[in-house]
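J.: Here's the letter readout for the chains.
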Amino acid sequence: DSGVTQTPKHLITATGQRVTLRCSPRSGDLSVYWYQQSLDQGLQFLIQYYNGEERAKGNILERFSAQQFPDLHSELNLSSLELGDSALYFCASSVVNDEQFFGPGTRLTVL
Amino acid sequence: QQQVKQSPQSLIVQKGGISIINCAYENTAFDYFPWYQQFPGKGPALLIAIRPDVSEKKEGRFTISFNKSAKQFSLHIMDSQPGDSATYFCAASTLRGGGNKLTFGTGTQLKVEL
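In order, the protein sequences belong to chains A and B. Here my numbering is used: the first residue of the first sequence is 1, the next is one more, and so on. Here my numbering is used: the first residue of the second sequence is 112, the next is one more, and so on.
Think of the hints as simulated: they come from the structure by calculation, not from any bench. Model, not experiment: these values are computed from the prediction. Glycine residues also receive a C-beta, built at the ideal position from the N, C-alpha and C atoms. No false leads were slipped in.
Only some residues are given here: those of chain A computed to face chain B with a beta carbon under 8 angstroms:
hint: 1; residue: S2
hint: 2; residue: F45
hint: 3; residue: Q48
hint: 4; residue: R55
hint: 5; residue: G58
hint: 6; residue: F90
hint: 7; residue: S94
hint: 8; residue: N97
hint: 9; residue: E99
hint: 10; residue: Q100
hint: 11; residue: F101
hint: 12; residue: F102
hint: 13; residue: G103
hint: 14; residue: P104
hint: 15; residue: G105
Given these sequences and hints, build the entire structure.
T.: Here it is in structure tokens:
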């Protein structure tokens, strides 16, 4: 157990809908990262937040957004969902910019 | 420029043997190279990581070898066990510049047979 928690574990929704994925980092970690894992794209970095501020950005779609709250938990919002958004979404955390510890993931299925 | 190439895609090793997974990168700005292990239905777990100022790092049965001039690094798993059967990912990032955006290889499915 990495100490990173993610909810929900599974999410099934329809195209065009909007969902929110939640992540709580390990105690003491200030950075939160979001990754997408799919069969065709592999593990892809989406975005990093550090202490509430955006720190680094990957190829995150404009339909996706994230934020980190004062209590350091983070949410990833996915809107106007498409079939191709079906994937595993992982959150990771680190103290600052160092070793990243991954959560168990949220499996999103878009029907 | 950002790609990390990983090989082989899959690997079968006998129990007690050595598993070797290789990765190559192009971006010379990369300065952090971790390896992750992932079991089905689980998140990636950090195994071991190396910075480019050393050529080798060992933790238990896991060793990273790093060749800066060739822009290659590899994971060696000594005395491989059936419990090591998992998917292994190499990754790379640039810690300078504020963020730690990991670029992952495509993964290697390792099966250790009795």
